[in-house]
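Undergrad: So the protein sequences, as listed, match chains A, B, C, D and E.
Take our numbering: the final residue in the first sequence is number 170, and no numbers are missing along the way.
Take our numbering: the final residue in the second sequence is number 103, and no numbers are missing along the way.
Take our numbering: the final residue in the third sequence is number 408, and no numbers are missing along the way.
Take our numbering: the final residue in the fourth sequence is number 222, and no numbers are missing along the way.
Take our numbering: the final residue in the fifth sequence is number 385, and no numbers are missing along the way.
Derived by calculation from the structure, the hints in this document are not laboratory data.
Hints should not be assumed to be uniformly reliable.
Straight-line alpha carbon distances no greater than 30 Å define the calculated DSSO-like cross-link-like pairs of lysine-lysine that follow [unchecked claim]:
hint, chain 1, residue 1, chain 2, residue 2
1, D, K179, E, K307
2, E, K54, E, K154
3, E, K54, E, K66
4, D, K15, E, K307
5, D, K15, E, K287
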Amino acid sequence: MSFALLLIALVLLGSAAAAMLSRNLIHSALLLTGAWAGIAAFYLWAGAEFVAFAQVLVYVGAVSMVVLFAVLLTRQGATAAPVEFDSYKRVVGSIITAGGVGGVLLGAIFGTPLDVPAAPSPAALTVRQLGLQLMGPYAAALLIVGVILTVALLGAIVIAAVDKPEDPAP
Amino acid sequence: MSMLQACLVLSSLLFCVGLAGALARSNTILVLLGIELMLNAANLNFIAFWRYGPHPGAGTGVIFVLFAIAVAAAEAAVGLALVIAVHRHRKSVRLQDANSLKG
Amino acid sequence: MSVVATDSFLERAPLLFRDWIVGHFPVALQWLVHHLLTITAILTVFGLFFAFTTIAERKLLARLQNRLGPNRSGLPWFRTLKLWGLTQPFADAIKAITKEDIVPAVADQVLHFLAPVVIVAFSLLGFAVLPFGRYLIPVELDAAILYFFAAGTATELAIFMAGWGSRNKYSLLAAMRALAQLISYELPLILSVVPVVLVTGTLSTRDIALAQGGWTWGVLPHWHVFTPWGFAGFLIFLVAALAESNRSPFDLPEAESELIAGHLTEYSGFKYALFFMAEYFGLTALSGLGITVFLGGWQAPCAFLEFIPSWLWFMGKLAGMIVFFIWIRGTLLRLRIDQLTRLAWQFLVPLALLNLGNAAFWALTSGWTGPLALARWAISAAIVIVPFFLLGRRLTAGYAPRTYRYAA
Amino acid sequence: MLGSGILKGLGVTAKNFVGSYHDPARMVTQEYPDTPAKLPEAYRNFPFLVTENATDPMGTLRCVACQICEKECPPQCIYIEKSKDKKPDATGKPQLYPAVFAIDTAVCMSCQLCVEVCPFDAIKMDHVFEVAATNRFEGLLLNREQLAKPNEYFHQIRPTEAAEVDGRLTAERQAAAEKAKAAAAAKAAAPKPTTPVAGVADPGPASPRPATPKPAEGGTAP
Amino acid sequence: MSLFPANSGPTVRAVHDEFHGDLLEVSMGPQHPSTHGVFRMVVTLDGEQIVKLKPVFGYLHRNHEKIAENTSYLSSMPYTDRLDYLCSMTTNWAYALAVEKLSGQAVPDRAQYLRIIMAELTRLVNHSCLVGFLFNDLGTSFTPLLYAFREREKILDLFESLSGSRMMCNYQRFGGCRVDPSPEWLAAASALVDNFPRFLDEYETMLTGNEILLARTQGVGRLAAAHAINAGITGPVLRASGVDYDLRKVDGTGFYPRFEFRVPLGAHGDTYDRYMMRILEMRESVKILQQAFKTLPAGPIMDPKAKLRGFRPKAGEAYGRLESPKGELGFYLISDGSPNPWRYRVRPPSLINLTLLEEMCLGHTIADAVVILGSIDIVLGEVDR
């Protein structure tokens, strides 16, 4: 167990849990951004630099902005009111569900005989190798992702665009 | 506990947090964020297996994560656009209020 | 990276100095000292650079506006020594530190406090991958460019935190503006750099700077800015960098005439100074990236000027960029938020995408020689100039200077 | 072409930048405390009272407490109390004098109407503009002693106007003196002729004292 | 359960509107960098767009009219300096005009010329200043404003050497002017006026063709001619809407008919037109000034019959108006034969031009509102009186 991993795990889980618990949407979003940054830190720790930077760029840079925008745009009348939890029944139910799922997952992790190499080889995946792989074996996937992104962008614009007023102003 | 297991435990805990949040909250944005968290937890697994798994040389895990990030970004964009659209029609971001197909 | 002994002493001086200091420590601690020294050096150099940028900005703006600018502050105890007011930034710093820190009672205390801290911390991260000289790269990263942009993203969040946490309507409007602006300009900024990555085939700033070495006939440097696609990319980069660092004419989030001071309205004293500092750090870092990517990095412009150490060239170019930004600020007026986003999406992004294709063309035709080389230049130039005119005309459609009639 | 207007603007600012180093028509800044402000003669700030003789300022005030300025002052910042007794003025004619003459410079709006309406050329506008006080009420309420400044000072700050005023006054006084002389001659029986020109002001810089009085140090409350 | 205190949420008092969603009410001013004084706009925003704008003024009310009714005619003269404190020469003149009308005084020729010279110099001061401030509202870092101030300073220095004060000139008197300018003064003023077009050319090179300026001002804050006429708007704001109404031509105030000048007219009535009206008017003012310096007659500057004190016009009423740089500046006086006016009323162009602010701003963004306000050219001293 590495100390760095422990630290990352603490920050990550802490901010994620706080984000889910916070009654203030903006705080939630910002804490979640922190959690995403923590995930990037994990990638960095694991040696996947490129993915870490991509994670920061996409999540901290873009998704968090979109989330904040959404929060601000959906501000309701007297938004000063905190976002309350629903019934306790629901909260307890969800925690039990999550705990159950977690138990299953943990059981699976510890129950599976993982084929772990004795000493992890130093992962050296340069950007060049990554690029060659993306353009070689994964070229089709890359293209499809590109299409998905484009379609999602257009779709998001279409969905979020203001409806045209029924009668255009004279 | 090996390093791989530690990473997997972290990932599953994160998944549980996301799951609990997505289930417990009724605000659409928060539900969406919980789902994002779960997605990220899954990504952690890929990196963990890539790094500590049996075949560290292959870049599959990394590339899969890259694709997952791209798709998650698209998902977030569309999801939040939906939230805004629903809010415009219903004046609410509560999940329970978006209960009919007709806008 | 080993220091070649044939380099001039000045070129090696910073490294020799570092090694000399590191040598005093036990071997186990040397890596730590090595990094700490690097960090200290960056903080000192760019802290001072920031300080003198502020005074340079005030002086240059003043001269542009036919004023004298600050020229009063000298040194304590030496009343007669005026030093052309060069100690002004230190006086400002003392003032900023000693001022009362006012936090509005209704403000979101946590965010209000965190915003300046976050913004300064993240604006400094970008410096880590800039090659300040032939051997002066703090961290050599494979994906340096990606890192640079990733590090810059948090500043947007910080501005949002400041604007939202202040609980001021102007601040909130500014936060919304900042979000819209930064999202819009992130894209052209990155897209303007991608052609260079495409042509050089690397994301490492060190390699990009190295790729621009060499001269034609010893005087014409092989900088990317001297190619059609590089020039277009540089222009797009300049505009996007101005917008990313909230400089005039894109200073909408802190638009003084509209939003008082935008997200800075509720900040005073040291926190305000931190924002100010972060803005200049961001600008400096972006300028550094622009220099590295387009202006040859630390390379000398002519072969016979190579005796000047590379880091001096870098700092000189950096100063030049800053002066240019100040000049822009002294001249232009502010855009409106819709025009700002329109400029990004309808002009810069298409142009940057076309420029990407242009760079691809350039890379594919690298074998053309003789008259074909001229054709290569002409085609490449046409790919950027024609859309520039067409898009520009679309952008300014309906706007023209008018002629007026007079009453009979 | 997009950008041409911006480039032109950059050119103009660059021209101004260079011009600010060599063109005095562009760089108009005066470094004020180092190079004293050059005031035009007509400059007006706050009024002062003209005295004929610097050695006896209170005895030789030109003001005769006619209170016209007090009445005309738009913000009503002048306060005058007439004296109970009379003193001979420059022509020897016994005149009232202001026992109290106060101007509240916090209220004064420097309009110069008091100067214009004064028939005796007794109140004039000063050039001193570095007035600051630590006390808003006492520091800025100037009394007779603070307001009185000798005629030489008037000459110094407004040579043209002072010369004109003095010329007019001397003419008047000569006329008065001749009239008196004629009256004296007519009254030949009278044994003792009056000495009419006791205090005629010497308009020139003949005064041995340095003519500049200290600028009103508004900060010192009385 | 919460990590942070719960009293959170945006700071805004949202005005909830069934149809428009959430609106934001911002009170711009009275302390705001670009409300040109202590002016306040209560702006209701939908995003950045203005859906409602309520101008609030009166923060600088000084009871000017009532004070004037309680002092002598002469004593009000310095107070008129403080109405439109950028153009004291024209406010002085307008007031003197009204009083002269009331008392039937004549004004000598030289004084008439001097008045026109001063009024046109004032126009240069006001318009250059206004254009500079407009650019500041548009977001320049003070550069155009300081260029304008540089030229304005030169004119103000002239005013100071003539009248003793830079802005509070207090120069006009009933029946003439207070001081006769020396030949040196006239030569200096003439030289300054001859050099002024150079400044204007440079200014226009710098900014008139600037794409950002065009985009920011063209089509912004349109004011239809009919609307402007109905609201009683005057001055460059009215002429920018294409209405040919200039009191210098309509009334032929003073000796204006003796001068040759043109009245520029706009076609669109937008902010750009209002800006250009000022620039073009400055060019025409230069022409007037050059003619005036050439043809300035010698002679007295005061009507010999004019009385400074004890001035009692006969009972009656008079309205004196003038094309001030901001529009029609009028003084309405009723005399009952006493030394004080019985009724004293100012028609301030700033205030009346301001009345259509909301109409001009609706549908534009908050950034435009500031610019539109700047293009109307208000001086709060005159608005609030």
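Undergrad: Each hint needs a verdict: does it hold in this structure or not?
TA: Do the hints match the structure? See the list:
no.: 1; hint: D:K179 / E:K307; in the structure: holds, 29 Å
no.: 2; hint: E:K54 / E:K154; in the structure: violated, 38 Å
no.: 3; hint: E:K54 / E:K66; in the structure: holds, 27 Å
no.: 4; hint: D:K15 / E:K307; in the structure: violated, 53 Å
no.: 5; hint: D:K15 / E:K287; in the structure: holds, 27 Å
Checked against the numbered hints listed earlier, the structure breaks hints 2 and 4; every other hint is satisfied.
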